[in-house]
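S.K.: All chains, please: the whole structure from these sequences, using the hints.
Protein chains: 2
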Amino acid sequence: MAHPQVTFRNTAFTGESILASRRNRVASTTIKTQLDQLKTTGRYSCFELKWHPTYDDTSMWPVPKHLFWDSDIAKWIEGACYFLESHYDKEIDDAVQYMVRTIRGAQQEDGYLNIHYTVVDPGGRWSNLRDMHELYNCGHLIEAALAHKNYYKNDLLLEPIVKYVGLIAKTFGPEDGKLHGYPGHPEIEMALLRLYIETDNKEAYKLARYFIEERGNPTGQNGKLYYDWEAEQRKESPWQRPNHYKEARAHWYNQAHAPILKQQTIEGHSVRALYLLTAVADLLCIEKTKSFQMDKFSEWLTALHRLWDNMVDKKMYVTGGVGAIHQWEGFGIDYFLPQSTDEGGCYSETCASIAVMFLAERMLKIDLNGRYGDIMDLCLYNNVMTAMSLDGKSFTYVNQLGSSESDKNGREDWFWCACCPPNFSRLFGSLGGYLWHFGERDGEAYVNVHLYTSAKLAFETDQGPIELEQSSNWPWDGTVSFKLHNPKQVNTAIKLRIPGWANGDFTLDPPLSTTDKPTSVTNGYLTLPAEYLSSNAEFTLVISGVSTRWLEAHPYTNQNVVYLARGPIIYCAEDAHNPWENGHFRNTVVKPGQPIREEVKTWEPTGETYIALHTKAWTRSLGTWDKENHGTDPTREIGALDLSDERDIVFVPYYFRANSGGKGHMRVGMIKG
Amino acid sequence: MAHPQVTFRNTAFTGESILASRRNRVASTTIKTQLDQLKTTGRYSCFELKWHPTYDDTSMWPVPKHLFWDSDIAKWIEGACYFLESHYDKEIDDAVQYMVRTIRGAQQEDGYLNIHYTVVDPGGRWSNLRDMHELYNCGHLIEAALAHKNYYKNDLLLEPIVKYVGLIAKTFGPEDGKLHGYPGHPEIEMALLRLYIETDNKEAYKLARYFIEERGNPTGQNGKLYYDWEAEQRKESPWQRPNHYKEARAHWYNQAHAPILKQQTIEGHSVRALYLLTAVADLLCIEKTKSFQMDKFSEWLTALHRLWDNMVDKKMYVTGGVGAIHQWEGFGIDYFLPQSTDEGGCYSETCASIAVMFLAERMLKIDLNGRYGDIMDLCLYNNVMTAMSLDGKSFTYVNQLGSSESDKNGREDWFWCACCPPNFSRLFGSLGGYLWHFGERDGEAYVNVHLYTSAKLAFETDQGPIELEQSSNWPWDGTVSFKLHNPKQVNTAIKLRIPGWANGDFTLDPPLSTTDKPTSVTNGYLTLPAEYLSSNAEFTLVISGVSTRWLEAHPYTNQNVVYLARGPIIYCAEDAHNPWENGHFRNTVVKPGQPIREEVKTWEPTGETYIALHTKAWTRSLGTWDKENHGTDPTREIGALDLSDERDIVFVPYYFRANSGGKGHMRVGMIKG
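Top line first, the protein sequences correspond to chains A and B. All residue numbers for the first sequence refer to UniProt numbering, where the first residue is 1 and numbers rise by one. All residue numbers for the second sequence refer to UniProt numbering, where the first residue is 1 and numbers rise by one.
Since the hints were derived computationally from the structure, they do not count as laboratory data. One or more hints might be untrue.
[As the list claims (entries may be wrong)] When the alpha-carbon atoms are kept at most 25 angstroms apart in a straight line, the in silico BS3-like pairs for lysine-lysine are as follows:
{"id": "1", "chain 1": "A", "residue 1": "32", "chain 2": "A", "residue 2": "50"}
{"id": "2", "chain 1": "B", "residue 1": "32", "chain 2": "B", "residue 2": "65"}
{"id": "3", "chain 1": "B", "residue 1": "672", "chain 2": "A", "residue 2": "672"}
{"id": "4", "chain 1": "A", "residue 1": "591", "chain 2": "B", "residue 2": "591"}
{"id": "5", "chain 1": "B", "residue 1": "591", "chain 2": "A", "residue 2": "672"}
{"id": "6", "chain 1": "B", "residue 1": "206", "chain 2": "B", "residue 2": "235"}
{"id": "7", "chain 1": "B", "residue 1": "408", "chain 2": "A", "residue 2": "235"}
{"id": "8", "chain 1": "B", "residue 1": "246", "chain 2": "A", "residue 2": "246"}
{"id": "9", "chain 1": "A", "residue 1": "408", "chain 2": "B", "residue 2": "246"}
{"id": "10", "chain 1": "A", "residue 1": "90", "chain 2": "A", "residue 2": "65"}
{"id": "11", "chain 1": "B", "residue 1": "408", "chain 2": "A", "residue 2": "246"}
{"id": "12", "chain 1": "B", "residue 1": "672", "chain 2": "A", "residue 2": "591"}
{"id": "13", "chain 1": "A", "residue 1": "90", "chain 2": "A", "residue 2": "39"}
{"id": "14", "chain 1": "A", "residue 1": "235", "chain 2": "B", "residue 2": "235"}
{"id": "15", "chain 1": "A", "residue 1": "246", "chain 2": "B", "residue 2": "235"}
{"id": "16", "chain 1": "B", "residue 1": "65", "chain 2": "A", "residue 2": "246"}
{"id": "17", "chain 1": "A", "residue 1": "163", "chain 2": "A", "residue 2": "178"}
{"id": "18", "chain 1": "B", "residue 1": "246", "chain 2": "A", "residue 2": "65"}
M.R.: Below, the structure written as structure tokens:
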């Protein structure tokens, strides 16, 4: 098995898709503006281990503002290395090499490598795994080192990082005398498993598995839950807790309230939960190929399915966003999915949907099923892609479905906790790896196509090379043309994802033989067997279902609104295109029966095109509710919806929001009239 | 001015109203079962200052479970004293006298009087006003002492309490050397103002005013907010906080985030907020009659109106419940009013609606307006009356509008934090004081009638006695007959509240003269002038609007449901009367256009009657949402409401819920089909 961070090298984006456009923008602009941010904020040189004024800031407890700087550097290096091959840039190359030198120089004699606990609090190493991100930072350094090695073909970064992993493996584990802890913010688990897969580092595998299996053990350390034990060591009262801890011992915040196998619902900080589950999925993928006779394989798989289902069925927004609750940046109760702050919440962090894509990609390896592919698609084109401006210079962290006076629609150049912008870069750097899974199995080559765009895959099998090219104007058009180049006539099977929203409405040309009808889609994938491909090197899939549709969320979400979608794209309305709007579209009513007109539009600065959707809208009158002191009673007798101001409304893709100025009013779900 | 706790003595309940029935039940049963609870739990003898095993319980921080015991005793004494006159009982009399002896015996030499800080933590007095309820307990002791004095006509309880108040006045105040603090849980402010009004204790007035005016001063104590300063004295980190503190320094929990005059919205723990505002209203009432030239009178009045309006317009349930959020037992953001735990919250504490009645009663003195009377009526007949079972033996603390698997509809015999049951008793003990305001002003007697029932008011004016009797089958019938007995022909005006829900649909017989049309209702009250009354000693008000109506809440509440009401009564459906229900009525649909049949029913154990309402209901099919793993997408294409299982549904008054067994499924707001 190989991860997208490696396999993306087998894919070249071709043509003018929005994915290619976004990738090129990251390469040409974003990597550099993010480097500028690293420099301006002090991160760039932080591994030189000098004091920085930010280190004096103690306004937050227990997390100081520089706590993630190691990871900010690491994630930028990782993203930069993914782009250097296809988009070489001397400035970027130099910056990577400088950073790698400083990281090497910052390593302590025993292998330890962390800015905060070297410069600011040298005595405090491993004293607060719950909050302090040491292991998280190390995880990102591992991922940077692997990306670095793959591009530079040297061990300059990997060598110190492997030494650091060795120290961590000596520090944590089941043996007496080792700490029985695990990271407050999972990440290192995924990274260690990649380190194992790419370098056969068995210590890394063992450590990742330990962190995963030990997590949430109620009696793991001296008879106590690790985080309770370590808080006692710090002489902290159980009632002393970070602001994101809702209550004392709310260890569901970081998925340590119970062993993972016993967790019934997905809880807490959404990025932590999803990084953790991605690592669990990786463990199972490894198990499927290597067969280490992992204990309870099927129980782990059941837990993974259970938590995925809970997330998608009950805790995911229509945009692929997850996490309704600001306080813990994470999951609320089932079906609690308000659109905006003034309705009770909506967080939908960019990194969380990126992490849903990580997890979906792994799930597709374990269990090929369109439900994972559809969600990966949904997240990518909506909650993830909305996170970067079209000019590649500004970002979102939170992605609400509705704006409000306190949280207007907009973007920022950077964040003090800057996880999202470089996460976007490294995802787009390795994006090719998410389009398809490919390889050789039982003497047959296979390609499972998950995402449609214009791109070319090339890989080697024992019997010869395979190339598969797809061309399309996806997501605007459902026609995808494929060309298979298979000079050695290797037995090859291709599976094509048929999105759930297409409702089975697709054609294949040339058609499959009558005994293999295209209607015989299994788990959301259409199989093109070797016999078909051997006589049809070129074929076209037409997903006719790419048309506008009105969606609704589960009735228990109490949203009472409809959402406009077209193919994988979820739409929103902004005041920038609807300048009559002054109230965050909170009283805007649409009628699904009304005609919708499609308009192909061009975003002038880059020439990128998109489809805008026009329909009619009305304003709901609040009547007597609309004045202060509206009555003597918190209710009134029921009345019909009172609509006025019929007018045109323009919807644009959610990813397109906040690129056109305006007052910051935006909404995805509109009241159904 | 006089408070209901005093004026209730001028009212006798007559006939068989549900108010009289409930009062009699409290007198005959509740006072005794609550005494039993006090005995079984250890509260009864706690002022003997012996150690009790409960004191060893340190599972909660910082509030130990016995912290409110002083107030539990005090509230029981207060309620008992209200009932002793009309419902004498030797056992109760003896118990009151025993408790008073032990309270006297528990007082320390300097006047201090608190169980926890005498028995459990003798060194800790006044070290944690934020959390530890010392002043709250004292407030309830003051109210008990006033009730005791009014019944027993001696100072056995008042004397030690006044001494304690003296100690508190020496401890807190603006002067150098005094602490500049105020109670974490307001209550003593109301109590002190009653002490002033009833005994002219000017120290009490000054202290109450200080607590109110100092509250939320950001630099009050050594340049800091008092609660921050005292936490520093306790050497507590700002990050160490009780579970109900959402985040560090969340002093909005107890309304100390800003001076009251600057508070724009009603926030935090709802009982605290409402006790505090009741005291503010008392201050303004006192000012209106005594004119102490209080600073900023009009600003205080504006603040009071602003916070009342915010509560009623944006934060009140249809039942008169307030407080959506369990964590801090209090207010959420504007319009956030889910019906049940599984929809995101609903608290509606019994005490909070009792406190709304306290506040409304004061507001009616400052500013006679039906908006206060209507809300007092709404709270009494719904969120308050639902808190006690018809047999008088069990209670609710939280009053949700919808049950769920984790929070079923039901009652408890008692609570470890037992604020609600004795609050119910003392409210019903003094209930006569809420029916009407009366007195003499500018040589004219007046009675402002706020609540309808069957009762007789008698009071003296300088010119002679006045008696006013009202007879009705309220709330089931809108006909209220009045008899005025005015032997000295004192000039008398009567104002009658015309409920907002009646929509002006009422008649008066005999009618007013054509120049004083009954339609000339001012601020929700119909004035019967002296001329009318001098020739019409008997008259009848018929509020024709007592019929069923379907209500809706503000659209921003996103509830998408309708509520069934009749007169002041809000209805609910329970599985006990609708045994087909198995899902907490979460998918039950009603159609407001359907006929509603009224049925007069009798609750067999007491013969009390009520009106049940019958209509049709359907079940909303969840279709594909209904299965786990329902799809590949968190949405689906919109479809029409899919209804099945047409059947009869019976609604009963919300106050009647949980008296008939069943599985604990109940809901107020039903989906509108």
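S.K.: Hint by hint, which ones does this structure get wrong, listed from lowest number up?
M.R.: 6, 7, 10
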